[in-house]
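Colleague: Chain residues, written in single-letter form:
2 protein chains.
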Amino acid sequence: MPTGSTQLSILALSHIPMINRGDDLGNIILDGLIADGFQLEAGDVIILAQKIVSKAEGRVVDLTTVTPSPKAVELAHTVDKDPRLVELILRESSEVVRTRKGVLIVAHKLGFILANAGIDHSNVDQGGKDKEDMNQEENILLLPEDPDTSCQKIRDTLTTATGIDIPVMIIDSIGRAWRNGTVGISIGISGLPGVIDLRGEPDLAGTPLQTSELGYADEVAAAASLMMGQGNEGCPVIVMRGLPYGRRNGHASELIRPREMDLFR
Amino acid sequence: MPTGSTQLSILALSHIPMINRGDDLGNIILDGLIADGFQLEAGDVIILAQKIVSKAEGRVVDLTTVTPSPKAVELAHTVDKDPRLVELILRESSEVVRTRKGVLIVAHKLGFILANAGIDHSNVDQGGKDKEDMNQEENILLLPEDPDTSCQKIRDTLTTATGIDIPVMIIDSIGRAWRNGTVGISIGISGLPGVIDLRGEPDLAGTPLQTSELGYADEVAAAASLMMGQGNEGCPVIVMRGLPYGRRNGHASELIRPREMDLFR
Numbered sequence: 001m002p003t004g005s006t007q008l009s010i011l012a013l014s015h016i017p018m019i020n021r022g023d024d025l026g027n028i029i030l031d032g033l034i035a036d037g038f039q040l041e042a043g044d045v046i047i048l049a050q051k052i053v054s055k056a057e058g059r060v061v062d063l064t065t066v067t068p069s070p071k072a073v074e075l076a077h078t079v080d081k082d083p084r085l086v087e088l089i090l091r092e093s094s095e096v097v098r099t100r101k102g103v104l105i106v107a108h109k110l111g112f113i114l115a116n117a118g119i120d121h122s123n124v125d126q127g128g129k130d131k132e133d134m135n136q137e138e139n140i141l142l143l144p145e146d147p148d149t150s151c152q153k154i155r156d157t158l159t160t161a162t163g164i165d166i167p168v169m170i171i172d173s174i175g176r177a178w179r180n181g182t183v184g185i186s187i188g189i190s191g192l193p194g195v196i197d198l199r200g201e202p203d204l205a206g207t208p209l210q211t212s213e214l215g216y217a218d219e220v221a222a223a224a225s226l227m228m229g230q231g232n233e234g235c236p237v238i239v240m241r242g243l244p245y246g247r248r249n250g251h252a253s254e255l256i257r258p259r260e261m262d263l264f265r
Numbered sequence: 266m267p268t269g270s271t272q273l274s275i276l277a278l279s280h281i282p283m284i285n286r287g288d289d290l291g292n293i294i295l296d297g298l299i300a301d302g303f304q305l306e307a308g309d310v311i312i313l314a315q316k317i318v319s320k321a322e323g324r325v326v327d328l329t330t331v332t333p334s335p336k337a338v339e340l341a342h343t344v345d346k347d348p349r350l351v352e353l354i355l356r357e358s359s360e361v362v363r364t365r366k367g368v369l370i371v372a373h374k375l376g377f378i379l380a381n382a383g384i385d386h387s388n389v390d391q392g393g394k395d396k397e398d399m400n401q402e403e404n405i406l407l408l409p410e411d412p413d414t415s416c417q418k419i420r421d422t423l424t425t426a427t428g429i430d431i432p433v434m435i436i437d438s439i440g441r442a443w444r445n446g447t448v449g450i451s452i453g454i455s456g457l458p459g460v461i462d463l464r465g466e467p468d469l470a471g472t473p474l475q476t477s478e479l480g481y482a483d484e485v486a487a488a489a490s491l492m493m494g495q496g497n498e499g500c501p502v503i504v505m506r507g508l509p510y511g512r513r514n515g516h517a518s519e520l521i522r523p524r525e526m527d528l529f530r
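Chains as they are written, first to last, in the numbering used here: chain A, 1 to 265; chain B, 266 to 530.
Don't read these hints as lab results, they were simulated from the structure.
Be aware that a few hints might be false.
[What the hints assert, rightly or not] Under 8 Å between C-beta atoms, here's a sample of chain B residues computed to sit facing chain A: (1) E478; (2) D483; (3) A487.
Backbone N, C-alpha and C fix where the C-beta goes; we use that ideal spot for every residue, glycine too.
Please take these sequences and the hints and turn them into a complete structure.
Modeller: So this is what it looks like as structure tokens:
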């Protein structure tokens, strides 16, 4: 491709190992970059899948250790899910938004509206060193407790090692109200804007723009998600080079519509 | 960047002229590629902004020619919008989903749930050759009538000219129920899947994936939107090289959740 300021390159690192509790993601990324022969430059951004951040931060819960409350048992019956899983979903949430058989949509304590409070079963390695133990565990992963701070820590490690300020984002995949299929969204940010306000900027014909706010970090997240793959393919760390728009110390909460502006809760 | 199968490159063409009714977008793209010194290869995909497709297809309406119905006048009062604009929104829609001062969310006849039936004022050139006429027009743009077919036609032109089958997508920017900022979504597809079904594929730990369907075309759209810019920047044609997943003759309608599965209408 011809290169220039209007080109974005998105690369999935190919040497990221399985992540375990306590792993230092910043240094694992630095090793992965070296293994791929990739040198970070000013303007590069690192994007991580939520799962590896949750694993590194020990956000694994063994379902066999969870005792569901009566409320969870009742709701589990309505939505036809494991009562222990529903118990964890309720603990992670501030509000139940919609229920239907097979569907439990909540407001996560972090503000995101999503199914099952972002908890999932998939790609959770069984953790224990004892194979026999492993078979008796049913591990699930919660979202990181404070994803913006998780990003900040990784950004600090990368900056210290390289001398370049490298913004970091954590993404997850969510469903949408009216569209099929999941898409990547940003759940943690350090060093990038969440939304970009375009209000008042004239368009090509000089008319002030109607559509005023760009969901910048979510578009970055969707682009990264495309290259992470799902299932077997698992490439949980992405490097982007050539992202447009300036930098700013944004927050994932910028992307969350305030309760009072919500027409659909 | 090191190149390989895990890299996606997204390039905004820099020589696309202002588009007018009747323009042949396929040939304009071919000229733009030449002007940028870019040669299409197998695997490349072209993504267009909805606005230029609507313009080329003459989907411009002069608001001064529109007489609002009593229903439109009443609704315009509720949502505090121009009654002529509301009249056009209603003509383009099958159902009004939510109203509030400044907000009119509908189901477009094509199935998409979006604000103002996807109609906007911005970046509509005034069309007429007579400058004096232009000042009396208030032009708006409707969505293309059949975006999948629009894509197919452009794809045919590109394939005929290059001998390579080049998938084509049309995207628009929409708001979301619970998140701030607009993101690109796919409203027309030819030669790519809309959604990708991952059900049953084992993940890294061998557990069948819970999150079963990937909103593939919408992730591609968001990535493209990032490089199109908004407002002044206007780069309405994007080339992607290195998109993952196989090809299929998908439809934008795959991404629309069926009415009976909709928990939020």
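Colleague: Each hint: holds or not?
Modeller: We went through each hint and held it up to the structure:
{"no.": "1", "hint": "E478", "verdict": "holds (5 Å)"}
{"no.": "2", "hint": "D483", "verdict": "holds (5 Å)"}
{"no.": "3", "hint": "A487", "verdict": "holds (3 Å)"}
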